[in-house]
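Q: Listed below are the residues making up each chain.
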Amino acid sequence: MSLKNAVAAGVIACVAIGSAAVSANAQTRGSIISFNGPAGEAYIGKFIKGIKETAALKGFDIKVFENQFNQAEQDQQVQQVLAAGQLPDVFIWWPSDAVAGLGSLRALARTGIPVLKINQLPNEQDKQYIFGYAGPDDRLRARNAGYMMREAAARKLAEGGDGFNVLVLSYPHSYGGYGLSINAFKDAIEGSPLNIIGDVGEGFGQANGYKGAAKMIAKLKDQGIHFVYGMDDAILTGGIGALEEAGYAMGTDVTAVGTVCNGDKQLIEEGKQFGTTLQSPLHEGQLAIKMVEQYLENGKLDKYINFTPNPAVTLDNLETVALRGYDDKLYGIDELCSGAW
Amino acid sequence: MTGRTISGVHNRALALIDRWVQKYSALVVVLVAAFLVVFIYGMVTAPNFLTVFNFKTIIRDAALVGIMAIGLTFVTLSGNFFLLSMKETAALCIIAFATSMSLGYGFPISFLFTMAIALLAGAMQGLLIGLGGNPIVVTLGAAGLFFGLGSWWSDNLVLSFRRPHGAEWLGTGSLFGLPNITIAFILIAIAAEMTLRYTTFGRQVYLIGANRAAGKATGHENLSMAIKVCIIASVCSAFVAVAFSAQVSSAHVNYFSSEFGSSGDMTIMVIATVMVGGNSIMGGFGSTLRSSLGAIFISTVDNMMVLHGFNSGPRVLAVGLMIVFSIIVFALLRRGSRALE
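Quick mapping for you: the protein sequence lines, in order, are chains A and B. Those letters in the first sequence? Residues 216 to 556, per this note's numbering, in order. Those letters in the second sequence? Residues 62 to 402, per this note's numbering, in order.
Worth double-checking, as some hints may not be accurate.
With beta-carbon atoms standing in for the labels, derived distance ranges [said to hold, decoys possible]:
(1) A/I411 / B/A87: 45 to 53 Å
(2) B/G370 / A/L297: 29 to 37 Å
(3) B/R223 / A/G300: 49 to 57 Å
(4) B/V377 / A/E459: 24 to 32 Å
(5) B/D216 / A/L545: 46 to 54 Å
(6) A/I411 / B/F116: 22 to 30 Å
(7) A/A271 / B/A252: 50 to 58 Å
(8) B/A252 / A/G378: 40 to 48 Å
(9) A/K278 / B/G205: 33 to 41 Å
Below, in silico cross-link-like pairs of lysine to aspartate or glutamate (DMTMM-like), each with a Cα-Cα straight-line distance of 20 Å or less [unchecked claim]:
(10) A/K264 / A/E508
(11) A/K264 / A/E281
(12) A/K518 / A/E508
(13) A/K278 / B/D216
(14) A/K505 / A/D276
(15) A/K273 / A/D437
(16) B/K117 / A/D437
(17) A/K267 / B/D216
(18) B/K117 / A/E459
(19) A/K401 / A/D437
(20) A/K278 / A/E508
(21) A/K264 / A/D276
(22) A/K273 / A/E512
(23) A/K342 / A/D352
(24) A/K264 / B/D216
In case anyone wonders, no lab produced these hints; they're calculated from the structure. Because the structure is a prediction, the values reported are computed rather than measured. In this text, a Cβ means the ideal position worked out from N, Cα and C, and glycines have one as well.
Start from the sequences and build out the full structure, keeping to the hints where you can.
A: What follows is the structure, given as structure tokens:
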């Protein structure tokens, strides 16, 4: 075979494969491109599983572009997608940084293709570029944690206990979710005997939870720490480790409440953690696809803001909490949570 | 105290400062003095800083980064710069350890399995560096390889193993009021310093690091040295992975990417620690003792800032300033000593 013939054969093969792909695409209900963080992060890994499986179930083609928590990388991915010219029917937008990523969101919206924002609540600037929001509600999650702590404090008071000092193990204070979470938590415990005496935002994850708590224990030991609120369970898990190392008996000396359900199930089973508020990444992914489906069918969403449910999880309901997914399957707590569950 | 005594002390102090200025240059003395003033002021005014409990917290806080920094110091002293794969080696090793533990193999087998992987990882990088590969390029490539392997192996999920388990003594146990991880840090620091000071291998590290040509002329090739020091660094990373996994009874490939320190990256923290210790980046000068003290120093400043209520931004800034400060001061000190020679 001459070189010319080989090239011709190659071109024909490419066209054939391309046609087959287009033909296969034509049989789907639409195509989606999602921009989000890396699958290597436990929460996002489950989120991606949720959107991919639900998209396949509902007959959508989906491509996922992951960035390493880097807005510049995400901006580049947006430019590449736009330059390639193969545009989907809907974009799903989880910005690495909602403010810095506004330019990319604007560029996506200018193509005329609808954009669904997820995970981070819309702000005044980006509302004009999206058709809706699907994802968690930091405020609801924190409020539920506050209510759980109130309940624990009420039990303690009824049993004649005293000491209601609260240590807060926060997200970094520069993180957007911090303000929403701490304000909602404070509102929820207002009027109760609970009193916040310390708030440390060492960073995300268990190691930072441990380090932040260890330093605050040194600072607040004399005042007494009786309750701990972790803005997520991973941070709280580290904090519980530090408290135990410092000689506190979790569940008796100190009551711990977390959120997100990305910590350690065994801590709740052992009574070391009073409870948590579920925020399921699997549900979040499924909800995003549901909203895309609704928009493509009706040209609009029933509601502009769509939250995933945040039920409280305690020892009492640990084995019975279940949520129906947007794929109509029933999921137990082990599948919904994203930590050591 | 009589006027003559005060005058004597005053004169002796002036004479000492004068000697320092002559020996180290006025700039070094001013920089160190300014730093000491800020540092001592911070220590005295930070609430509950000067307590035994907080001192233990500081050392414990420094332990994991410190152990990794000790391992990396061998690489730096031998003139092979840095391993940019420290956290990825730890990521692969923590997955290996948790997988083995969750399969019920127990601590000894899981530990040996993890160390074997670290040994292979270190030997592979050392071989490539020793054969002439650029340490930065080789270890960047290795970082991707190890992280990818860990991510694929764990399917990006959190792997957990239930308590009680055979690794708890290391992760959460304590002896004479000191956490076992702190004790491990102290023992490793002593062993590493003894190795460098009193063994033939230690002297070879300095010789090859200070002058590779001279090392070669005396029969000490960098190939075997690079393999040995990379194995030491990898084994230290693996030990940290095992200790952290033992502490939290779980593992995730991202634990070392976002969990440690305000800067959010274990490798950066470890390199910062080696630099703050005043080790020469070009090799041949420094010690593991310096790195251990560097870790404790960073931890002390960070602790003090948390007790003063600083959030993550200023604390990252402080670490950056400490690195710049150390580089300037140690460079001036070395220049001063050379001038005296």
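Q: Next, verify each hint and record whether it holds.
A: Against the structure, the hints come out as follows:
no. : hint                        : in the structure
1   : A/I411 / B/A87: 45 to 53 Å  : 48 Å, holds
2   : B/G370 / A/L297: 29 to 37 Å : 45 Å, violated
3   : B/R223 / A/G300: 49 to 57 Å : 52 Å, holds
4   : B/V377 / A/E459: 24 to 32 Å : 29 Å, holds
5   : B/D216 / A/L545: 46 to 54 Å : 23 Å, violated
6   : A/I411 / B/F116: 22 to 30 Å : 27 Å, holds
7   : A/A271 / B/A252: 50 to 58 Å : 54 Å, holds
8   : B/A252 / A/G378: 40 to 48 Å : 44 Å, holds
9   : A/K278 / B/G205: 33 to 41 Å : 22 Å, violated
10  : A/K264 / A/E508             : 17 Å, holds
11  : A/K264 / A/E281             : 13 Å, holds
12  : A/K518 / A/E508             : 14 Å, holds
13  : A/K278 / B/D216             : 19 Å, holds
14  : A/K505 / A/D276             : 14 Å, holds
15  : A/K273 / A/D437             : 58 Å, violated
16  : B/K117 / A/D437             : 17 Å, holds
17  : A/K267 / B/D216             : 15 Å, holds
18  : B/K117 / A/E459             : 15 Å, holds
19  : A/K401 / A/D437             : 23 Å, violated
20  : A/K278 / A/E508             : 16 Å, holds
21  : A/K264 / A/D276             : 14 Å, holds
22  : A/K273 / A/E512             : 12 Å, holds
23  : A/K342 / A/D352             : 17 Å, holds
24  : A/K264 / B/D216             : 11 Å, holds
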